[in-house]
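Trainee: Each chain is listed here by its residues.
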Amino acid sequence: MALLEIKSISVFYNKIKAVDNLTLFVEKGELVTLIGANGAGKTTVLRAISGLIRPRNGSIIFKGIDITRMRPDKIVQLGIAHCPEERKLFPRMKVKENLMMGAFLRKEGVGKTLEWIYSLFPVLKERENQLAGSLSGGEQQMLAIGRALMSQPELLMFDEPSLGLAPNLVKKLASTIKNLNQQGLSVLLVEQNVEIAFSISNRGYILENGKVVLSDSVEELKENDMVRKAYLGG
Amino acid sequence: MNSSILLQFFINGIYISCTYVLVALGLSLIFGVLDIADFAQGALFMVGAYICYYAMKFLGVPYFLSLSFSLFFVAILGNINNLLVYRPLRGTIGANTLVAALGIFIIVQNLGLLVFGSEYTSVESPFGKAKFSFLHVFITEHRTFVIFATFFLIFLTWLFLYKTKWGQGLRAMSQNREAATLVGVNIDKVSIIAFGLAAGLAGVSGALIAPVEPFTPTLGGEVILKAFASVVFGGMGSLIGAVTGAFIIGITETVAVAFISSAYSSMIAFGLMILILFIRPQGLLGEKV
Ligand SMILES: Nc1ncnc2c1ncn2[C@@H]1O[C@H](COP(=O)(O)OP(=O)(O)OP(=O)(O)O)[C@@H](O)[C@H]1O
Ligand SMILES: [Mg+2]
Numbered sequence: 001m002a003l004l005e006i007k008s009i010s011v012f013y014n015k016i017k018a019v020d021n022l023t024l025f026v027e028k029g030e031l032v033t034l035i036g037a038n039g040a041g042k043t044t045v046l047r048a049i050s051g052l053i054r055p056r057n058g059s060i061i062f063k064g065i066d067i068t069r070m071r072p073d074k075i076v077q078l079g080i081a082h083c084p085e086e087r088k089l090f091p092r093m094k095v096k097e098n099l100m101m102g103a104f105l106r107k108e109g110v111g112k113t114l115e116w117i118y119s120l121f122p123v124l125k126e127r128e129n130q131l132a133g134s135l136s137g138g139e140q141q142m143l144a145i146g147r148a149l150m151s152q153p154e155l156l157m158f159d160e161p162s163l164g165l166a167p168n169l170v171k172k173l174a175s176t177i178k179n180l181n182q183q184g185l186s187v188l189l190v191e192q193n194v195e196i197a198f199s200i201s202n203r204g205y206i207l208e209n210g211k212v213v214l215s216d217s218v219e220e221l222k223e224n225d226m227v228r229k230a231y232l233g234g
Numbered sequence: 001m002n003s004s005i006l007l008q009f010f011i012n013g014i015y016i017s018c019t020y021v022l023v024a025l026g027l028s029l030i031f032g033v034l035d036i037a038d039f040a041q042g043a044l045f046m047v048g049a050y051i052c053y054y055a056m057k058f059l060g061v062p063y064f065l066s067l068s069f070s071l072f073f074v075a076i077l078g079n080i081n082n083l084l085v086y087r088p089l090r091g092t093i094g095a096n097t098l099v100a101a102l103g104i105f106i107i108v109q110n111l112g113l114l115v116f117g118s119e120y121t122s123v124e125s126p127f128g129k130a131k132f133s134f135l136h137v138f139i140t141e142h143r144t145f146v147i148f149a150t151f152f153l154i155f156l157t158w159l160f161l162y163k164t165k166w167g168q169g170l171r172a173m174s175q176n177r178e179a180a181t182l183v184g185v186n187i188d189k190v191s192i193i194a195f196g197l198a199a200g201l202a203g204v205s206g207a208l209i210a211p212v213e214p215f216t217p218t219l220g221g222e223v224i225l226k227a228f229a230s231v232v233f234g235g236m237g238s239l240i241g242a243v244t245g246a247f248i249i250g251i252t253e254t255v256a257v258a259f260i261s262s263a264y265s266s267m268i269a270f271g272l273m274i275l276i277l278f279i280r281p282q283g284l285l286g287e288k289v
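So the protein lines, in turn, are chains A and B.
At position 85 of the first sequence (counting the first as 1) the number is 85 in the working numbering, and the numbers step up by one without a gap.
At position 248 of the second sequence (counting the first as 1) the number is 248 in the working numbering, and the numbers step up by one without a gap.
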């Protein structure tokens with residue numbers, strides 16, 4: 001059984017159908033990417049998994065447990081972390097306070113995780129007493145990832161982490177995500193930067209108007225004519 | 001004009017500010033977390049004064065203990081408000097909660113008139129009518145107690161918000177609701193804390209000033225207006241802003257009343273509020289906790 005299994009969910013915002021009968025799975029240890037244009041429904045899928053919005057039908061199973069209607073805090077406790085679109089830091093809290101918020105539901109071993117995150121992103125240690133709102137874009141992204149990791153997740157979901165970063169930072173970010181994945185973290189990566197997402201992922205789903213139109217290994221997707229035309233610039 | 005008169009105005013101003021700063025703090029707290037301008041807090045302030053009175057009269061509880069009765073029962077009332085009215089309205093347009101908040105204020109005030117009656121009620125201060133005097137400045141012992149107790153409660157609120165886990169959770173919720181939810185802060189628990197804290201502060205604040213002057217169930221009206229002006233002045237949702245706003249308004253008001261006329265006291269509060277909206281639309285400090 002896969003780590004995360006989404007079985008034909010549909011998600012609505014009032015009358016607007018944002019996700020249409022979507023099925024998707026992530027195996028333990030996999031790095032899976034979800035690709036789609038603006039408004040395709042990528043963020044909505046992640047929000048449904050995190051419990052921020054309820055699917056109207058279908059089910060979401062994590063580690064064999066039905067989480068479709070579970071409260072967001074219970075979902076975090078089960079081991080899913082969500083690094084949201086546009087980072088959504090706590091701007092008037094210090095860097096360290098932001099990280100500690102990531103461990104809100106944990107009781108033990110928080111100090112160790114914090115040390116590990118500081119070793120991953122030394123700049124966060126340097127700036128631990130600075131307000132999050134005063135960080136540069138790249139540092140903010142590191143903080144958002146660090147905060148998500150503080151809950152010690154088994155599955156980490158990223159929503160367009162490359163957005164607004166300079167090209168060299170995007171490369172660094174990609175290798176960070178790949179590294180985390182190689183240390184055993186399962187990843188669901190939402191991206192519009194298709195090239196960078198394909199360069200680190202095992203499998204991918206292509207989303208159009210809330211529907212999965214294609215899903216395959218990244219090698220196959222790269223060779224697919226439709227994908228090349230629509231997402232890889234020919 | 002000599003300096004002891006100025007000092008007298010200043011101290012009177014501090015005292016006046018202390019009559020609504022805790023309500024301002026609570027308004028700001030609830031607004032920060034839930035985007036609700038909870039005018040009902042004014043009515044809860046009044047209920048706090050009456051709980052203090054009845055606890056002393058019928059239970060024979062001493063004044064200092066009756067303060068905690070007001071705190072506790074009004075904190076529960078604040079949560080009942082939330083459960084019955086605001087929570088069902090969550091997700092609808094903001095104007096709905098605004099109308100509801102005003103509605104609760106009026107209903108509770110009218111219930112107050114019905115239950116408590118419209119005659120003046122007075123609570124006896126444990127300090128009697130004793131006064132302090134220093135440098136030709138006079139202040140009753142009870143008002144001094146109100147000032148110290150209010151500052152102490154502001155300090156405790158600060159400790160809670162900045163030094164405890166759920167205080168941090170509440171601040172996180174007010175800075176970014178979605179992110180706070182994603183790290184596992186539960187909005188329902190935070191709402192219970194925010195309403196409990198805000199209403200508890202309003203209740204104890206009403207009980208603190210109850211012995212100062214005889215009062216009726218319309219006690220909360222002016223308090224909520226000035227608290228609201230303080231919150232807007234300081235920046236909606238900013239706690240430091242609400243406290244700063246309350247003191248600036250209270251002191252300005254006292255000084256202005258002394259020089260012009262007491263008829264203008266509320267006008268000063270709202271004049272300042274409108275003035276700051278022209279100069280700095282986001283309020284003096286303009287940021288949430
Ligand atoms: N809060 C909302 N209320 C109403 N409609 C919404 C809301 N959020 C998203 N939508 C709609 O749902 C659809 C899917 O949006 P979603 O944000 O999931 O897309 P996305 O793939 O993440 O897009 P982007 O790449 O721009 O982030 C869009 O048509 C969008 O307009
Ligand atoms: Mg999106």
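Honestly, the hints are just simulated from the structure, not real lab data.
Honestly, I wouldn't trust all of these hints.
What the hints assert, rightly or not - Derived CB-CB ranges, DEER-like:
#, chain 1, residue 1, chain 2, residue 2, range
1, B, Asn96, A, Ser10, 24 to 32 Å
2, B, Gln282, A, Lys171, 34 to 42 Å
3, B, Ser68, A, Ser10, 47 to 55 Å
4, A, Ile65, B, Leu59, 29 to 37 Å
5, B, Ser68, A, Gly64, 42 to 50 Å
As the list claims (entries may be wrong) - Quick list of in silico lysine-lysine cross-link-like pairs, DSSO-like style, CA-CA up to 30 Å:
#, chain 1, residue 1, chain 2, residue 2
6, B, Lys131, A, Lys74
7, A, Lys15, A, Lys28
8, A, Lys88, A, Lys112
9, B, Lys131, A, Lys125
10, B, Lys163, A, Lys94
11, B, Lys189, A, Lys94
12, A, Lys88, B, Lys165
13, B, Lys189, A, Lys63
14, A, Lys107, B, Lys131
15, B, Lys131, A, Lys96
16, B, Lys163, A, Lys88
17, A, Lys112, B, Lys163
18, A, Lys63, B, Lys163
19, A, Lys171, A, Lys229
20, A, Lys96, A, Lys112
21, A, Lys107, B, Lys57
22, B, Lys131, A, Lys94
23, A, Lys112, A, Lys94
24, A, Lys96, B, Lys189
25, B, Lys129, A, Lys107
26, A, Lys28, A, Lys7
Where a beta carbon is used, it is the ideal one built from N, C-alpha and C, also for glycine.
Trainee: Each of the hints needs a verdict: does it hold here or not?
Mentor: Evaluation of the provided hints:
{"no.": "1", "hint": "B:Asn96 x A:Ser10: 24 to 32 Å", "verdict": "holds, 28 Å"}
{"no.": "2", "hint": "B:Gln282 x A:Lys171: 34 to 42 Å", "verdict": "holds, 38 Å"}
{"no.": "3", "hint": "B:Ser68 x A:Ser10: 47 to 55 Å", "verdict": "holds, 52 Å"}
{"no.": "4", "hint": "A:Ile65 x B:Leu59: 29 to 37 Å", "verdict": "violated, 50 Å"}
{"no.": "5", "hint": "B:Ser68 x A:Gly64: 42 to 50 Å", "verdict": "holds, 49 Å"}
{"no.": "6", "hint": "B:Lys131 x A:Lys74", "verdict": "violated, 56 Å"}
{"no.": "7", "hint": "A:Lys15 x A:Lys28", "verdict": "violated, 35 Å"}
{"no.": "8", "hint": "A:Lys88 x A:Lys112", "verdict": "holds, 24 Å"}
{"no.": "9", "hint": "B:Lys131 x A:Lys125", "verdict": "violated, 54 Å"}
{"no.": "10", "hint": "B:Lys163 x A:Lys94", "verdict": "holds, 13 Å"}
{"no.": "11", "hint": "B:Lys189 x A:Lys94", "verdict": "holds, 23 Å"}
{"no.": "12", "hint": "A:Lys88 x B:Lys165", "verdict": "holds, 20 Å"}
{"no.": "13", "hint": "B:Lys189 x A:Lys63", "verdict": "holds, 27 Å"}
{"no.": "14", "hint": "A:Lys107 x B:Lys131", "verdict": "violated, 51 Å"}
{"no.": "15", "hint": "B:Lys131 x A:Lys96", "verdict": "violated, 49 Å"}
{"no.": "16", "hint": "B:Lys163 x A:Lys88", "verdict": "holds, 22 Å"}
{"no.": "17", "hint": "A:Lys112 x B:Lys163", "verdict": "holds, 21 Å"}
{"no.": "18", "hint": "A:Lys63 x B:Lys163", "verdict": "violated, 35 Å"}
{"no.": "19", "hint": "A:Lys171 x A:Lys229", "verdict": "holds, 23 Å"}
{"no.": "20", "hint": "A:Lys96 x A:Lys112", "verdict": "holds, 14 Å"}
{"no.": "21", "hint": "A:Lys107 x B:Lys57", "verdict": "violated, 46 Å"}
{"no.": "22", "hint": "B:Lys131 x A:Lys94", "verdict": "violated, 45 Å"}
{"no.": "23", "hint": "A:Lys112 x A:Lys94", "verdict": "holds, 19 Å"}
{"no.": "24", "hint": "A:Lys96 x B:Lys189", "verdict": "holds, 24 Å"}
{"no.": "25", "hint": "B:Lys129 x A:Lys107", "verdict": "violated, 52 Å"}
{"no.": "26", "hint": "A:Lys28 x A:Lys7", "verdict": "holds, 17 Å"}
Hints 4, 6, 7, 9, 14, 15, 18, 21, 22, 25 from the earlier list are contradicted by this structure; the remaining hints agree with it.
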